[in-house]
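Mind the numbering: the sequence shown is residues 4 to 910 in our numbering, read in order.
Some hints here could point you the wrong way.
As the list claims (entries may be wrong) - Listed next, the in silico BS3-like pairs over lysine-lysine satisfying Cα-Cα at most 27 Å (straight line):
#  : residue 1 : residue 2
1  : 437       : 507
2  : 427       : 438
3  : 438       : 366
4  : 817       : 803
5  : 427       : 319
6  : 609       : 516
7  : 518       : 437
8  : 476       : 498
9  : 609       : 643
10 : 438       : 515
11 : 515       : 609
12 : 437       : 515
13 : 518       : 609
14 : 498       : 430
15 : 609       : 649
16 : 518       : 507
17 : 427       : 476
18 : 465       : 271
19 : 438       : 476
20 : 441       : 427
21 : 476       : 437
22 : 817       : 839
23 : 516       : 430
24 : 507       : 267
25 : 507       : 430
26 : 515       : 427
27 : 507       : 343
28 : 649       : 664
29 : 42        : 267
30 : 465       : 427
31 : 839       : 886
32 : 437       : 516
33 : 430       : 441
34 : 498       : 643
35 : 366       : 319
36 : 58        : 42
37 : 366       : 343
38 : 430       : 366
39 : 267       : 427
Rather than coming from a laboratory, the hints here were simulated on the basis of the structure. Only a predicted model underlies this, so the values are computations on that prediction, with no experimental measurement involved.
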Amino acid sequence: MSATHSSDTVSTSYSLIERLFYHAATNSTHDAVVTPTLKLSYAQLTQLVHAQVQKFYDAGISSDSVIGIKCANDVQHLVLCLAATYIGSTSCTIPSHEMDDMQNAISNRCGATDVVDENIAVDPMTLDSNVRPTPMDVPTTCLLFSTSGTTGDPKLVVHHDRDLVAQAHRHIGSEQERFACLASMEHNFAKRHRLYCIAVGATNVFLDSDRDSLVAQCQFLNVNVLHVSAFQAQELLAIPNISELSNIRLKLGGSHAHVSLRQKLQNKITQNLHAGYGTTETGAIAFTDPNDLDAGESVGQPLPGIEIRTVTPDRKTLGRGEHGELAVRCAGMFREYLDKSDLTTARLEDGWFYTGDIGYLDKQQRIYLCGRADDMFVFNSMNIYPQDIESQICQYPGITDAAVLPKTSSLHGNIPVALVVFAKNMKSDLSSLKKFVKERVGIRSPRQFIIVDEIPRNASGKISRQEAMRLSKKSDHIRKYIVEALGAYATDHLKPSLVAAFVKGETDIRLKKSKMDSLARMDLLVALEVDYHTIITPQEFVQFRYLGDLVARVLSTQLQEEHKQDSCPQISNPISTAVQTNTQHYVIQFFQRIFSYCDTVAQLHKALTTLEYRLTPIEVEILHEGNRAHQLISVNAAEKFHTALKHWLQRLKGMMLDSGKQEPEPFVSYRVAPTVTHFVGPGAPADKTLLVCFSDAGGRCLMMPNVVLMQHTNSAHYDLLVIAEPLNQGYQLGVPPLGNNLTEVIEWIANLKLIRNYRRVRTLGCSAGGYTAVIAGYYLGAEMAVSVGGRFHTKSHPIKFLERIYTTWRAMRKRHCSRVLMSYAIDDTRDRHYAKIMAMLCGGSSVAVEFTNGSVGHLILQRLVERGELAPYLARTIFAEMKDEHIASQRANVIINFPAHIMRPYS
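Input sequences plus hints: build the corresponding full structure.
Here it is as structure tokens:
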């Protein structure tokens with residue numbers, strides 16, 4: 004096939020470098036590269052490439068090399084790429100903005116022998132005008148491009164440089180184009196288009212990243228074509244003077260642009276709008292014609308030289324209007340997926356590339372996209388094509404973006420749910436939105452709409468489906484958490500069916516309906532700040548109309564936090580950050596903000612109860628000293644507030660001093676998840692034991708403030724991982740966001756990277772957490788598992804009884820736990836019954852607790868703390884040496900008597 008541009012006929016047998024030198028010879032003064040501070044003609048560009056080639060040779064880089072280009076400077080990146088092509092080496096971009104692990108993965112995947120950056124790049128400002136480079140016989144050169152990776156790991160697509168020459172005419176109309184895009188050369192889309200410009204002899208215009216000056220830059224540099232993704236197009240609409248670019252040709256690529264977005268762009272920017280469709284493997288396939296008023300949601304007709312058809316899964320051609328996979332044949336297609344021969348064979352057959360995109364053709368050969376084949380899912384035997392529904396959602400006034408996803412259901416297969424983005428200052432009326440969408444797509448309408456700040460997208464602007472699905476799950480967990488945090492306030496003032504529907508995401512709840520008083524609001528705001536790092540002031544809270552607004556706010560904070568913490572698997576507790584950085588005043592500032600929420604002593608008590616399970620011993624000490632210095636509460640505050648705070652601090656200090664230690668244990672806390680906190684002391688994990696603690700039902704601790712347990716722990720030998728159970732269901736419904744049942748929770752813990760860092764693991768649980776600790780002990784391969792006050796369900800639940808026996812037996816068959824201790828109160832028949840049976844089943848020991856001067860009851864740890872006798876109990880159980888005779892003995896049956904601390908055999 005041949006392509007014509009301007010007066011030149013460009014054969015597909017020409018190499019990219021031959022095209023560069025052709026333009027330098029025939030149109031030497033024509034602008035090749037333009038920036039706000041630099042202008043290079045084609046003659047000058049060839050001189051730069053020649054200079055770069057010499058630097059490559061000097062560095063020992065040759066045609067046998069595989070060059071990884073890691074360079075954020077666009078002009079230098081372009082020159083490096085052209086120089087690599089000139090010498091005949093294979094090249095691949097290694098994005099400098101990616102994390103080190105990703106950079107290393109790409110480098111290893113492409114087999115880079117040399118990684119080049121700005122240090123070897125020629126400075127365009129030091130051009131030697133005396134250099135007169137001449138073309139040479141250029142061998143076939145490979146360029147590797149990374150695919151979008153919306154549903155899985157990105158693949159490396161192999162193109163010859165001649166393939167790009169063959170594709171170029173479908174992207175760049177003529178050498179008169181002054182082409183700009185908003186992505187850097189380190190992105191696949193932008194890099195290919197910059198090379199297309201070279202092939203055609205057009206001008207590459209590189210803009211600064213400052214969006215506020217975009218219009219002025221385009222005007223100053225005479226840009227006549229601007230190519231952006233759909234996401235970037237949304238940003239253009241927010242630029243005040245963007246209408247001044249009405250003479251520009253605006254092209255959309257990367258991800259599908261819905262009709263509503265196209266209309267906005269035409270109304271506000273330019274009528275000369277072209278929405279496109281293409282792939283990394285083929286280049287451009289289609290663009291809409293701005294004069295085609297019936298184009299609708301299509302991406303236009305195939306470009307000249309493109310053959311396209313829709314096929315069934317067994318690749319039989321379909322008729323007009325029938326949904327199927329799009330197959331394309333054209334000049335300049337890719338050669339293979341690097342090191343993925345099976346995938347290459349599957350996608351490239353008889354000259355046809357099977358795109359994996361689902362769509363259909365109308366009578367005029369317009370192409371309509373319905374999404375990826377692997378995005379399609381089945382709902383009650385119906386095929387759901389997400390992009391079809393997303394297009395309809397985006398027609399709703401005020402919606403700027405949407406993503407439709409499957410939510411797994413054992414009954415219905417996959418239930419459609421949607422993430423939606425409302426424009427700023429727009430009313431988020433979900434019920435109206437649901438009605439609007441259902442009228443258009445019928446039974447295929449999403450059953451849940453989740454409001455988010457933005458839809459996760461990759462560098463090409465395409466929806467990252469995996470990230471979006473993770474976002475959907477996070478939203479579910481936050482909904483559950485908020486309902487649990489509201490507690491009785493939600494159940495007392497709202498219909499249970501309404502609460503259940505909100506948790507499922509099927510409806511929203513007006514905040515007025517919850518009748519939340521100031522105490523409940525304060526408790527919720529404190530919990531969200533401590534568990535989700537989301538600071539919402541009372542002034543901001545009153546602006547929310549729905550609980551869904553609160554969910555979206557928390558979700559937004561979570562995403563921002565994740566972006567900041569990508570390189571760190573743990574997130575530090577905002578309170579403990581003070582200890583890490585020696586900025587001790589932070590915990591005082593944090594307390595002052597919490598106190599500002601409290602209008603009554605009841606609210607203060609509630610806030611302190613919420614707070615005390617997150618503090619570390621050092622932080623309690625800081626607060627104690629801060630209170631003595633009158634830094635926590637203003638001296639002008641009512642005396643009752645000072646009294647309440649003083650008593651709270653004295654109580655904590657008293658329980659901590661019962662450990663026998665005067666100095667606070669130097670723990671620092673990290674929030675692994677909203678319901679999981681990692682308390683870390685000095686020393687390397689490889690030399691320590693991790694104690695995994697499971698709270699009782701509805702609790703966030705083991706019947707005592709976590710700071711008390713920490714102070715009774717030797718931080719040099721043990722770190723703590725404390726799991727909360729906020730649902731008050733004894734782990735039967737799991738722990739948000741870890742999982743929806745006990746198995747999922749334990750698997751989540753087992754998959755934590757931090758677990759593998761420790762030399763040993765022990766597990767400890769009280770009440771409902773006791774059974775969980777035993778099961779987790781086996782799955783984690785713990786050296787010891789201790790259950791305190793565990794018990795079976797009441798006699799009216801015999802099936803639950805058998806389930807626990809079976810689950811324990813299955814855990815024992817799969818994994819190993821060196822020692823199991825079942826501790827119970829000697830005067831609690833139900834707990835004793837459980838301990839005897841489980842100890843017998845596990846081959847473990849039972850440890851009874853007895854008070855000489857009183858009853859024990861089910862709340863063993865709480866009673867021991869109240870009596871100041873926790874330390875000796877822990878020393879004989881969870882902190883005991885493995886060689887201790889009662890620990891080492893199999894099936895021992897003993898009593899620990901308090902206050903004498905005497906352990907004796909018991910039968």
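Results of checking the hints against the structure:
1. This hinted pair checks out: residue 437 and residue 507 have alpha carbons roughly 15 Å apart, not beyond 27 Å.
2. The suggested pairing of residue 427 with residue 438 holds, with an alpha-carbon distance near 22 Å, which does not exceed 27 Å.
3. Among the hinted pairs, residue 438 with residue 366 is inconsistent with the structure: their alpha-carbon atoms are about 32 Å apart, more than 27 Å.
4. The hinted pair formed by residue 817 and residue 803 meets the criterion: a straight-line CA distance of about 21 Å does not exceed 27 Å.
5. A C-alpha spacing of about 47 Å is found between residue 427 and residue 319, which places the hinted pair above 27 Å, so the restraint is violated.
6. For the hint linking residue 609 to residue 516, the alpha-carbon distance of about 23 Å falls within 27 Å, and the restraint holds.
7. Distance restraint check for residue 518 and residue 437: the Cα-Cα separation of roughly 26 Å lies within the 27 Å cut-off, and the hinted pair is therefore satisfied.
8. A hinted pair counts as satisfied when its Cα atoms are at most 27 Å apart, and residue 476 with residue 498 qualifies at roughly 24 Å.
9. Distance hint between residue 609 and residue 643 is fulfilled; the C-alpha atoms sit about 15 Å from each other, no more than 27 Å.
10. Restraint check for residue 438 and residue 515: the C-alpha separation of about 23 Å stays at or below 27 Å, so the hint holds.
11. Annotation: proposed proximity of residue 515 to residue 609 holds, straight-line Cα distance about 22 Å (limit 27 Å).
12. The straight-line distance between the Cα atoms of residue 437 and residue 515 is roughly 22 Å, inside the 27 Å bound, and the hint therefore holds.
13. For the hint pairing residue 518 with residue 609, the CA-to-CA distance comes to about 18 Å; that is within 27 Å, so the pair holds.
14. Restraint check: the Cα-Cα separation between residue 498 and residue 430 comes to about 24 Å, which is no more than 27 Å; the hinted pair holds.
15. Restraint check: the Cα-Cα separation between residue 609 and residue 649 comes to about 15 Å, which is no more than 27 Å; the hinted pair holds.
16. For the hint pairing residue 518 with residue 507, the CA-to-CA distance comes to about 21 Å; that is within 27 Å, so the pair holds.
17. Taking the CA atoms of residue 427 and residue 476, the gap is about 24 Å. The hint holds against a cut of 27 Å.
18. For the given pair, residue 465 sits about 23 Å from residue 271 by alpha-carbon distance, which is consistent with the 27 Å threshold.
19. Straight-line distance between C-alpha atoms of residue 438 and residue 476 comes to about 24 Å, which keeps the hinted pair within the 27 Å bound.
20. Of the supplied pair hints, the one linking residue 441 and residue 427 holds, its CA atoms being roughly 24 Å apart against a limit of 27 Å.
21. Proximity of residue 476 to residue 437 is assessed by CA-CA distance (about 20 Å); at most 27 Å being required, the pair is judged to hold.
22. For the hint linking residue 817 to residue 839, the alpha-carbon distance of about 22 Å falls within 27 Å, and the restraint holds.
23. Note on residue 516 and residue 430: the hinted pairing holds, with a Cα-Cα distance of about 18 Å set against a maximum of 27 Å.
24. With a C-alpha separation of about 34 Å, the suggested pair residue 507 and residue 267 falls outside the 27 Å cut-off, and the hint is violated.
25. At roughly 22 Å between alpha-carbon atoms, residue 507 and residue 430 fall within 27 Å of each other, so this suggested pair holds.
26. Annotation: proposed proximity of residue 515 to residue 427 holds, straight-line Cα distance about 22 Å (limit 27 Å).
27. Restraint check: the Cα-Cα separation between residue 507 and residue 343 comes to about 41 Å, which exceeds 27 Å; the hinted pair is violated.
28. Distance check on the hinted pair: residue 649 and residue 664 sit about 21 Å apart at the alpha-carbon level, within 27 Å; holds.
29. With a C-alpha separation of about 34 Å, the suggested pairing of residue 42 with residue 267 is violated against the 27 Å cut-off.
30. Proposed proximity of residue 465 and residue 427 is supported: the alpha carbons are some 22 Å apart, at most 27 Å.
31. The suggested pairing of residue 839 with residue 886 holds, with an alpha-carbon distance near 23 Å, which does not exceed 27 Å.
32. With a C-alpha separation of about 21 Å, the suggested pairing of residue 437 with residue 516 holds against the 27 Å cut-off.
33. With a C-alpha separation of about 19 Å, the suggested pair residue 430 and residue 441 falls inside the 27 Å cut-off, and the hint holds.
34. Of the supplied pair hints, the one linking residue 498 and residue 643 is violated, its CA atoms being roughly 37 Å apart against a limit of 27 Å.
35. The straight-line distance between the Cα atoms of residue 366 and residue 319 is roughly 19 Å, inside the 27 Å bound, and the hint therefore holds.
36. Of the supplied pair hints, the one linking residue 58 and residue 42 holds, its CA atoms being roughly 22 Å apart against a limit of 27 Å.
37. Distance check on the hinted pair: residue 366 and residue 343 sit about 37 Å apart at the alpha-carbon level, beyond 27 Å; violated.
38. Restraint check for residue 430 and residue 366: the C-alpha separation of about 40 Å exceeds 27 Å, so the hint is violated.
39. Proposed proximity of residue 267 and residue 427 is supported: the alpha carbons are some 16 Å apart, at most 27 Å.
In this structure, the hints that do not hold are numbers 3, 5, 24, 27, 29, 34, 37 and 38, in rising order.
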